[in-house]
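Chemist: Counting the sequence shown from 1 gives a position; our numbering is that position plus 34.
Rather than coming from a laboratory, the hints here were simulated on the basis of the structure. Heads up, some of the hints might be wrong.
Pairs of lysine-lysine, BS3-like flavour, derived with a Cα cap of 27 Å [said to hold, decoys possible]:
hint	residue 1	residue 2
1	96	171
2	41	96
3	196	159
4	73	47
5	159	171
6	41	73
7	159	96
So the derived label-pair ranges between C-beta atoms look like this [claimed, not checked]:
hint	residue 1	residue 2	range
8	162	75	21 to 27 Å
9	123	102	18 to 24 Å
10	195	40	36 to 42 Å
11	187	71	36 to 42 Å
12	37	116	16 to 22 Å
13	197	60	18 to 24 Å
14	80	48	27 to 33 Å
15	114	82	23 to 29 Å
16	110	57	19 to 25 Å
Please read all numbers here as calculations on a predicted model, not as lab measurements. Every residue, glycine too, gets a C-beta built ideally from N, C-alpha and C.
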Amino acid sequence: FAQLVTKGGVVSKPQHAAQMQIYMHLMGLSRAVYLAVCKDTDALYAERVEADPTEAERLLAKASRIIDAARPPSRMSDDPAWFECRMCSHHGVCHEGQLAAVTCRTCLHSTPVEGGWHCARHGHKPDSTDQRIACSKHLFIPDLVAGDVVYAADDFVVYRIKDGSSWLNDARGEAEAESC
């Protein structure tokens, strides 16, 4: 809270400042009030924030690049104890070798497209409910597996896992992981 008071919201809370810029931009507002309360003393901090359309457009373009990316983003940190990594819901996938949830969004046959995803395997655009269920032909995006691709075919991928073992991601029969 002390840093917020001395440096202001834009410097001390850049994520909050970014959210405010996007909200103002999308709602057509020219300004907003950033209000924070100190958990220890209930002291209030208020700051008037002016809209910055250029910054909002930059942030929206960044969000679009992330949403439309064919590959998952890189780790925030290689250190699993890093504070942002410890609090992340994908910590197990990123740092512990766990498999991601079985969904269309984690399948190598899916590609992000405007307004959703396209499945090359079935040649359609699944709705949001179907995306979360996935089909029996699901194969993980290789970047989501803690190993290297050794061999790939239409219905399976063989990985060499970091510990030296092999793992077969096989869509010829039953899926190996539960859907979320």
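Chemist: If a hint holds in the structure, say so; if it doesn't, say that too.
Modeler: Status of the hints after comparison with the structure:
1. 96 to 171: 32 Å, violated
2. 41 to 96: 25 Å, holds
3. 196 to 159: Roughly 34 Å between the alpha carbons, so the hint for residue 196 and residue 159 is violated.
4. 73 to 47: 16 Å, holds
5. 159 to 171: Holds, at roughly 15 Å.
6. 41 to 73: Distance of about 18 Å is within 27 Å: holds.
7. 159 to 96: 24 Å, holds
8. 162 to 75: 21 to 27 Å: Violated - the Cβ-Cβ distance for residue 162 and residue 75, about 44 Å, lies outside 21 to 27 Å.
9. 123 to 102: 18 to 24 Å: 21 Å, holds
10. 195 to 40: 36 to 42 Å: 49 Å, violated
11. 187 to 71: 36 to 42 Å: Taking Cβ atoms as reference, residue 187 and residue 71 lie about 58 Å apart, which means the hint is violated.
12. 37 to 116: 16 to 22 Å: 20 Å, holds
13. 197 to 60: 18 to 24 Å: For residue 197 and residue 60 the Cβ distance comes to about 47 Å; the hint is violated.
14. 80 to 48: 27 to 33 Å: 18 Å, violated
15. 114 to 82: 23 to 29 Å: The hinted range 23 to 29 Å is violated for residue 114 and residue 82, with Cβ atoms some 40 Å apart.
16. 110 to 57: 19 to 25 Å: 24 Å, holds
Violated hints for the displayed structure, listed by number in ascending order: 1, 3, 8, 10, 11, 13, 14, 15.
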